[in-house]
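Participant: In case you want the letters, here they are:
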Amino acid sequence: MARSKSVQKPHADAGIDFIDAAEAKSGLSSKGLSAGTVGLLGATVIGISCIAPAYTLTASLGPTAAAVGTQMPGIFLVGFLPMLLVALGYRELNNAMPDSGTSFTWATRAFGPWLGWLGGWGLIVATVVVLSNLAGVAVDFLYLALAQIFGNPAIADLAGNIPINILTCLVFMVGACYVSYRGMEATKSVQYWLVGFQLIILVWFAIAAIVHFSAGNAFDATPFSLNWFNPFAVSSFSAFAAGVSLSIFIFWGWDVTLTMNEETKNPKTTPGRAATLTVVIIFVLYLLVAISSLMFSGIGAGEFGLGNEEISGNVFAALAGPIMGPFAVLLSLAVLSSSAASLQSTFVGPARTMLAMGHYQAFPKRFAGISPRFKSPAFATVVAGVVAWAFYAVMRVISNDVLTDTILTLGMMICFYYGVTAFACVWYFRKEAFGNARSFLLRFLAPLVGGLILAVIFVTTLIDSMSPEYGSGSNIGGLGLVFILGAFLLLAGVALMLVMRAVNPAFFTGQTLKKGTSRD
Amino acid sequence: MNHIGNYVVAYEATERGREAIELGIALARLTTAELRICLVLPRSTAVAAKVPVASADYEGVIAQQAQLWLDEAMVHVPADVVATNHVLWAESTSEGLIEATETFQSDRIVVGAARTGILDRFTIGSVANALLHASPVPVALAPRGYRAQARISRVTCALGTRAGWQTLLDSMVEVSAGLDVELRFVTLVEVDARSPRIPGSDDHLKTVLEYFNARKRSRGTVSTQVAEGPTVEAAVESLDWRDDEIAFVGSSRLGSPRRIFLGTTANRMLHSLPVPLVVVPTTTP
Chain D
1 MARSKSVQKP
11 HADAGIDFID
21 AAEAKSGLSS
31 KGLSAGTVGL
41 LGATVIGISC
51 IAPAYTLTAS
61 LGPTAAAVGT
71 QMPGIFLVGF
81 LPMLLVALGY
91 RELNNAMPDS
101 GTSFTWATRA
111 FGPWLGWLGG
121 WGLIVATVVV
131 LSNLAGVAVD
141 FLYLALAQIF
151 GNPAIADLAG
161 NIPINILTCL
171 VFMVGACYVS
181 YRGMEATKSV
191 QYWLVGFQLI
201 ILVWFAIAAI
211 VHFSAGNAFD
221 ATPFSLNWFN
231 PFAVSSFSAF
241 AAGVSLSIFI
251 FWGWDVTLTM
261 NEETKNPKTT
271 PGRAATLTVV
281 IIFVLYLLVA
291 ISSLMFSGIG
301 AGEFGLGNEE
311 ISGNVFAALA
321 GPIMGPFAVL
331 LSLAVLSSSA
341 ASLQSTFVGP
351 ARTMLAMGHY
361 QAFPKRFAGI
371 SPRFKSPAFA
381 TVVAGVVAWA
391 FYAVMRVISN
401 DVLTDTILTL
411 GMMICFYYGV
421 TAFACVWYFR
431 KEAFGNARSF
441 LLRFLAPLVG
451 GLILAVIFVT
461 TLIDSMSPEY
471 GSGSNIGGLG
481 LVFILGAFLL
491 LAGVALMLVM
501 RAVNPAFFTG
511 QTLKKGTSRD
Chain G
1 MNHIGNYVVA
11 YEATERGREA
21 IELGIALARL
31 TTAELRICLV
41 LPRSTAVAAK
51 VPVASADYEG
61 VIAQQAQLWL
71 DEAMVHVPAD
81 VVATNHVLWA
91 ESTSEGLIEA
101 TETFQSDRIV
111 VGAARTGILD
121 RFTIGSVANA
131 LLHASPVPVA
141 LAPRGYRAQA
151 RISRVTCALG
161 TRAGWQTLLD
171 SMVEVSAGLD
181 VELRFVTLVE
191 VDARSPRIPG
201 SDDHLKTVLE
211 YFNARKRSRG
221 TVSTQVAEGP
231 TVEAAVESLD
241 WRDDEIAFVG
251 SSRLGSPRRI
261 FLGTTANRML
271 HSLPVPLVVV
281 PTTTP
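Keeping their order, the protein sequence lines are chains D and G. Count the first sequence with UniProt numbering and you get residues 1 to 520, in order. Count the second sequence with UniProt numbering and you get residues 1 to 285, in order.
Hints may be right or wrong, so weigh each one.
What the hints assert, rightly or not - Derived EDC-like pairs (lysine to aspartate or glutamate); straight-line CA-CA distance at most 20 Å:
id : chain 1 : residue 1 : chain 2 : residue 2
1  : D       : K188      : G       : E228
2  : D       : K188      : G       : E95
3  : D       : K265      : G       : D170
4  : D       : K188      : D       : E262
5  : G       : K206      : G       : E228
6  : G       : K216      : G       : D170
No lab work stands behind these hints, which were simulated from the structure alone.
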């Protein structure tokens with residue numbers, strides 16, 4: 001559907017061009033989403049690829065087991081609750097402000113520029129940190145897969161060589177950056193194959209681990225107990241908070257299915273059903289893998305123990321061989337493809353948020369630059385890539401276990417920006433929260449409780465991470481590296497915000513994006 | 001309501017887009033058609049990412065930028081040419097342009113053909129290449145650095161002896177109807193020192209001329225020429241080319257019905273052709 005538009009629109013050359021809903025709509029023949037093309041199965045596949053379970057599990061099993069021990073299955077179940085509550089609020093915001101759409105715009109509309117800026121910053125930081133972690137996992141598994149394919153274990157050791165590791169990471173970053181700059185997307189069939197492959201291999205891994213256990217060949221045979229499902233048997237609240245923070249990381253991306261409206265065949269029912277189906281599949285998969293790994297490896301610090309700091313940032317790399325034997329290469333390929341695909345698609349998020357922030361003059365104008373050829377956020381994409389790589393390079397040098405520490409930092413950052421968005425929902429709808437039961441539940445209670453849980457988890461992990469023992473045990477001057485990272489990233493945000501306010505106050509004085517409520 | 005002849009111009013805010021507009025202007029002046037200047041934005045499919053990537057604020061920003069680019073493009077359109085501008089969303093640029101030809105019932109797509117960074121006069125860029133494989137209407141390719149002249153004085157039509165040349169001639173009859181423009185029919189012959197010249201070319205051009213003259217409605221002179229050279233490129237270079245000239249060529253018979261597919265000869269012509277080329281689908285339905 002194209003509509004002719006021959007009238008030339010006057011545009012402000014002062015550079016302040018606020019896009020309001022009406023203008024954006026009137027200028028467009030149709031929105032950029034491809035409408036009505038995704039069915040229930042497609043939406044579920046997208047949901048699962050968003051979560052990227054093979055990557056997520058290898059990165060989080062170790063740190064979670066280290067924090068909560070055998071209570072891991074229970075913590076995974078509880079950890080979903082704040083994610084669910086916040087996602088319900090997300091969906092309400094998405095339906096109420098379909099012409100906004102990211103944490104940055106929502107939080108700005110609800111709370112005004114300052115918290116809005118920090119909400120956007122939290123999202124950018126979280127995605128940039130996950131990009132570096134994804135690339136790190138991809139690097140490890142690239143060399144592992146090569147070692148397995150050529151039957152030469154020495155190749156896998158290349159990942160331990162810091163310069164080689166950092167340069168390989170650069171290659172992955174440049175590749176992913178280039179693909180998103182060109183605006184290329186994985187086709188549906190590629191996504192189906194990747195998801196199917198991941199699910200099959202992970203189930204294979206879990207069954208193989210249980211078979212080893214039954215045959216008495218497990219590394220540290222730990223018999224299953226129903227008590228593993230009890231999240232409140234965790235030793236301390238700090239451990240509980242750390243576990244929940246990690247669980248939020250493992251479900252991260254699930255909320256995307258809920259906000260898929262226009263592109264689904266039936267916007268009323270498909271997103272909800274797909275989100276439910278996705279989470280059921282993910283639950284079964286996570287519990288299966290968590291329980292089977294615990295049964296095989298135990299939580300000790302031995303060679304293949306989940307508590308071993310040497311392997312915790314990337315447990316499948318260590319466990320694939322002992323559990324899957326000659327087929328271990330399949331697991332390597334599953335994780336490698338999962339993390340490489342996720343690396344590429346995740347680039348798009350921070351780049352677009354930075355572009356929107358550049359447009360509203362919350363970031364320097366350069367970030368709003370769009371490639372005339374590929375119509376993609378050129379400058380923002382390159383910045384995301386450079387920063388993610390630089391972050392990884394620095395971490396690789398100063399941290400004992402770069403992957404564990406980035407995952408813990410990441411959990412904190414996700415708590416932060418989800419929390420801001422949840423409270424933005426509560427505040428934005430405050431005038432109609434008590435209108436009816438549905439509104440009260442979805443627009444007030446759910447996001448409020450979700451936001452409060454996240455706030456408590458965020459503060460608790462921030463305080464606990466000050467201990468030099470936290471995470472991989474890396475510390476600078478007696479302060480835990482995870483704390484330093486978390487505090488540095490947030491304070492850097494505040495500092496940059498103040499600089500931006502001084503350089504260009506337009507956004508901060510509400511000239512480009514206005515505050516409002518649902519009743520405005 | 002009379003349908004107004006119109007051409008879809010594939011615009012992007014680069015030198016390629018500018019060349020497309022210039023060729024659009026030249027063609028619009030030749031045949032008194034209107035221009036539909038289109039900028040195609042990539043439609044987001046549901047990308048599997050950790051954070052939502054399809055958001056309206058982002059789409060609003062690029063749509064606004066696209067409109068600004070189109071406003072700038074309109075400055076280059078002279079007063080004697082009627083042009084409208086359109087922001088479109090599609091999975092790919094070529095798909096969007098082909099959809100636009102259906103919406104506007106356009107007669108042609110005009111595109112800047114060059115690929116960036118290569119010195120050849122004509123190296124096909126990805127959008128032009130995709131169009132050459134899928135367009136149901138003729139595709140006009142603008143060479144690097146093209147600028148419209150006041151009027152087009154000659155149209156050259158390159159044809160071979162293979163089936164399909166009548167279709168190309170029919171469309172030449174249509175294009176040149178009522179125009180005062182010189183027409184030149186050429187055949188390109190690859191010759192090398194060992195094999196003597198094949199006499200068939202002259203006879204074929206005679207047949208072509210008879211066929212065309214029986215149907216023509218144009219007023220200019222009609223000439224024929226056989227171009228020879230050791231390669232197709234050399235044969236093209238052996239001809240004289242004017243700055244205010246355009247060339248027509250038929251698409252290969254390999255293409256599915258009503259779709260263009262550029263044959264090897266036409267493809268190689270492009271390498272040395274200094275003027276715009278219009279590729280006409282010649283395969284009969």
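Participant: Mind checking the alpha carbons of K188 (chain D) and E262 (chain D) for me, to see if they're no more than 20 Å apart?
Facilitator: Measuring from Cα to Cα gives roughly 17 Å; hence the hint holds.
Participant: Going straight from one Cα to the other, do K206 (chain G) and E228 (chain G) come out at no more than 20 Å?
Facilitator: Judged against 20 Å, a Cα distance of about 17 Å means the pair holds.
Participant: Can you confirm whether the C-alpha distance between K188 (chain D) and E228 (chain G) stays at or below 20 Å?
Facilitator: Between K188 (chain D) and E228 (chain G) the Cα gap is close to 50 Å, so the pair fails against 20 Å, i.e. violated.
Participant: Can you confirm whether the C-alpha distance between K216 (chain G) and D170 (chain G) stays at or below 20 Å?
Facilitator: 9 Å, holds
Participant: Sort out whether E95 (chain G) lies within 20 Å of K188 (chain D), counting only the CA atoms.
Facilitator: With a Cα-Cα distance of about 18 Å, the restraint between K188 (chain D) and E95 (chain G) holds, given a limit of 20 Å.
Participant: Are the Cα positions of K265 (chain D) and D170 (chain G) separated by 20 Å at most?
Facilitator: Violated, at roughly 45 Å.
Of the hints listed earlier, those the structure fails to meet are numbers 1, 3, in rising order.
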